[in-house]
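> Spelled out, the chains give:
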Amino acid sequence: MPTEHAFPDSAAKGTLGGSDAERLSISMGPSHPSTHGVLRIQLELDGEVVTKADPVIGYLHRGDEKIAENMTYNQFVPYTDRLDYLAPLANNMAYAIAVEKLAKLEVPPRCQAIRVITAEMARISSHLLGLGAFGIDVGAWTVFLYTFTEREKLYKLFEELTGARFTTSYSRIGGVSRDVPPGWLERVDAFCVQFLPNLEEVLNLLTRNKIFMDRTSGIGVISKEDAIAYGLTGPNLRGSGVPLDLRKDRPYSGYEQYDFDVAVGTQGDSYDRYLVRGEEMRQSVRIIRQAVAKFPPGKWCAEDARRIVAPRKDKVLTSMEELIQNFMIVTEGPQMPPGEVYFEAENPKGALGFFVVSKGGGVPWRLKIRAPSFCNLSILPKLCVGAMVADIVAILGSLDFVMGECDR
Amino acid sequence: MPPAPDAVAALKGGWAGVTERASLDHPAVNVPAADLLGVLGALKGAHGFDMLADVAGVDWGEGAKPRFSVVYHLFSTSTHAYVRVASDCPLDSAPELPSATGLWPGANWHEREAFDMFGIRFAGHPDLRRIIMWDGYAHYPLRKDFPLAGVESALPDAEITAETGVGTIAAPMMGGPFVASTGQMNMGEAEPRAKDESWNERRPKPGA
Amino acid sequence: MASANAELAYNSKIEGDVVVSRADAVINWIRSNSMWPMPMGLACCAIELMAVGASRFDIARFGAEVMRFSPRQADVMIVSGTVTYKMASAVRRIYDQMSEPKWVIAMGACASSGGMYRSYAVLQGVDRILPVDVYLSGCPPRPEALLDALVKLQEKVKREPSASKLLSA
Chain A
2 MPTEHAFPDS AAKGTLGGSD AERLSISMGP SHPSTHGVLR IQLELDGEVV TKADPVIGYL
62 HRGDEKIAEN MTYNQFVPYT DRLDYLAPLA NNMAYAIAVE KLAKLEVPPR CQAIRVITAE
122 MARISSHLLG LGAFGIDVGA WTVFLYTFTE REKLYKLFEE LTGARFTTSY SRIGGVSRDV
182 PPGWLERVDA FCVQFLPNLE EVLNLLTRNK IFMDRTSGIG VISKEDAIAY GLTGPNLRGS
242 GVPLDLRKDR PYSGYEQYDF DVAVGTQGDS YDRYLVRGEE MRQSVRIIRQ AVAKFPPGKW
302 CAEDARRIVA PRKDKVLTSM EELIQNFMIV TEGPQMPPGE VYFEAENPKG ALGFFVVSKG
362 GGVPWRLKIR APSFCNLSIL PKLCVGAMVA DIVAILGSLD FVMGECDR
Chain B
332 MPPAPDAVAA LKGGWAGVTE RASLDHPAVN VPAADLLGVL GALKGAHGFD MLADVAGVDW
392 GEGAKPRFSV VYHLFSTSTH AYVRVASDCP LDSAPELPSA TGLWPGANWH EREAFDMFGI
452 RFAGHPDLRR IIMWDGYAHY PLRKDFPLAG VESALPDAEI TAETGVGTIA APMMGGPFVA
512 STGQMNMGEA EPRAKDESWN ERRPKPGA
Chain C
536 MASANAELAY NSKIEGDVVV SRADAVINWI RSNSMWPMPM GLACCAIELM AVGASRFDIA
596 RFGAEVMRFS PRQADVMIVS GTVTYKMASA VRRIYDQMSE PKWVIAMGAC ASSGGMYRSY
656 AVLQGVDRIL PVDVYLSGCP PRPEALLDAL VKLQEKVKRE PSASKLLSA
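Chains as they are written, first to last, in this note's numbering: chain A, 2 to 409; chain B, 332 to 539; chain C, 536 to 704.
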């Protein structure tokens, strides 16, 4: 028999006899269709109404931070893919920029444009899946199939650029691993053009749908103060009315050149968060099209960063100097100066932060990953109290978290 | 977004123990454990750093004094600036710091994770228990003396252990991870090795 | 000794509406073509599993679109994603709750062997706690690879001596 779960305030848990005698303690998850991965919520129910909710995480803890202390900076890039595995390219970029800050390395404009385009495509991909999963959870199967069709088109583009459908491992410290293939930018633009009407068709299934609105309006309301106090970021924060978007407020990787709006909600309920994500997809398309139109020529990685970026392959195979340089970078890692940096990027789920402590050398001393889903989930005990069990499903869908990131 | 150097100066003026910390990007301060809540409260209230972005535990190694620190990153939603606050845990054998949950309820989970990974306790935390590893786990994984491969221990569910006969094992590293350690170069370990290393071009095969 | 996967025999002129066959062939044919997966979707491979269920790589063609999250109603458990030690107990418990006959597909590198996560928290291969029938490599495996694994599992099922197992059980 599983041991009895100890709630945080178990001392106040009351004795049998009295209203507590009617409470049912039930474990929702870790294998549950609606928990979006391996999340377990220990619920205490009074009939259908939740009186206590205690999320138990850690079912996908893979030891990423400890692994980072044993890998070179470039070797860790595949692990960053699998943090928020719905938008791997965005994680790759956030990690690369954070480590480049250690050496104060500037990447050329073409690399920045590639990073912005791929990050916005990853944002569209992540929100589409969030939308699809949210739809399935509240009962709308069609939404899932439509969004997956669009995601398959994105996967085709990712595969052409990076070699993998997702889990791309595309960035390197100092740039990206390869340049865009010929014709890729035109295909991205063509995708954007056909995506907008398809997106409207998908959103039309839900936005004015009476059933959907009844299930999500007024459910899971997060106030502005709560959102800031619990460290929420991303669409969850913006849905509550706080206009914070790191792409606008602390622009990185050339975001200041692009013209886009930030979607901000008013009520802070699940419906608002859904609307914010839908609008963000439209804005992402805007950014991509501008980036493709302004795409600069040049190199896709920093040159002359001698102990950090691998030199050109043709030089490596023919010249001794470059051969040694490449060997050192691959075996020892890109040599970073000692110091500490903290960088947050605006990922689809929120602000993904990397705190890198370097003591010199090619391997970090400590890499702390500030996962947006970890902070977004911490508000769950407060949100679920007073809600019904079916509402929890709507709340989880609207928070749009990913356990790979939350547990690392 | 200009950094807030006046915040650092104000903090140094307000508390004797606060010193400036070397940082590559954001303004940073070192704060002794006794002044931590005062400094965090001042940053949150007077200087407008209303969001707690991150709480990271750091283990500086078994020989370092002090061994454990906790690094807080605060963010201001109005000026969009960050500030880093680092505090060393006074005792190495029982690292402890005051809890920031009174200032930010979001610190609850971050501090539970620092406790889980390093064993750093937070005085005044409402519910300090493990969050990532299972409740009965006996080790603190991110400490430097804990191996990446892990140590053998029992699975969380005794029934399953009895049924399958499986416990946690040290993950098979097979000579890896194949990277030189921090700050050190060891070229001999980095190269691919021959299967039979008893002889090479300088040393003849034994018995030949 | 005739093999278990002998074809069904049917000749309408002689037998009319009666089909004569070996019990094994019929049972295995039914089982393999309507294999309901229990998606143990843990991590990134779960996304590829969802993609297999979606329209481009339709798993419904193989009779497996009914993804039953209730173990009592499922036939094959597709372990997709990293199994950590904390999760291992839940996976085993769910496997025990599945009713016979049941099979397991270990999808992806993490489920087959621990993948690239050689760390203290990851179970080094789900076959340490479950008997696995098909291992699928990839990180994540392409949806076509998962369909290939399903087809291989179907072929394995077609070769099983199911009638004698049922009679002896």
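Treat the hints as calculated values from the structure; they're not laboratory data.
Treat the hints loosely; a few may be bogus.
Partial list, derived from the structure: chain A residues whose beta carbon lies under 8 Å from chain B [to be verified]:
(1) I68
(2) V243
(3) F356
Derived pair list, reagent style EDC-like, types lysine to aspartate or glutamate, alpha-carbon separation capped at 20 Å [what the hints assert, rightly or not]:
(4) A:K249 / A:D260
(5) A:K360 / B:D419
(6) A:K249 / B:D381
(7) B:K475 / A:E70
(8) C:K687 / C:D662
(9) B:K375 / A:E257
(10) A:K102 / B:D356
(11) B:K475 / A:E66
(12) A:K316 / A:D305
(13) A:K249 / B:D419
(14) A:K105 / B:D419
(15) A:K154 / C:E679
From the three backbone atoms N, C-alpha and C, an ideal C-beta is built for every residue, glycine too.
> For the pair we were handed, K475 (chain B) and E70 (chain A), check the Cα-Cα distance against 20 Å.
9 Å, holds
> Under the criterion of a CB-CB separation shorter than 8 Å, is V243 (chain A) in contact with chain B as hinted?
7 Å, holds
> Taking 20 Å as the top limit, are the C-alpha atoms of K249 (chain A) and D381 (chain B) close enough?
Cα-Cα ~19 Å, so holds.
> Are K360 (chain A) and D419 (chain B) close enough, with their CA atoms no more than 20 Å apart?
18 Å, holds
> Quickly compare the C-alpha distance for K249 (chain A) and D419 (chain B) to 20 Å and report which way the hint goes.
Given that 20 Å is the threshold and the Cα spacing comes to 35 Å, the pair is violated.
> Would you mind confirming whether the straight-line C-alpha gap from K375 (chain B) to E257 (chain A) stays at or under 20 Å?
Given pair K375 (chain B), E257 (chain A) is violated - Cα atoms ~28 Å apart, limit 20 Å.
> What's the verdict on K249 (chain A) and D260 (chain A), does the C-alpha distance respect the 20 Å limit or exceed it?
10 Å, holds
> Check the hint pairing K102 (chain A) with D356 (chain B) against an upper bound of 20 Å on the C-alpha distance.
8 Å, holds
> Is K154 (chain A) close enough to E679 (chain C), meaning Cα to Cα at most 20 Å?
16 Å, holds
> Straight-line Cα separation of K105 (chain A) and D419 (chain B) no greater than 20 Å?
27 Å, violated
> Is K316 (chain A) close enough to D305 (chain A), meaning Cα to Cα at most 20 Å?
13 Å, holds
> Hint check: is the beta carbon of I68 (chain A) less than 8 Å from a beta carbon of chain B?
7 Å, holds
The structure does not agree with the numbered hints 9, 13, 14 stated previously, though it agrees with the rest.
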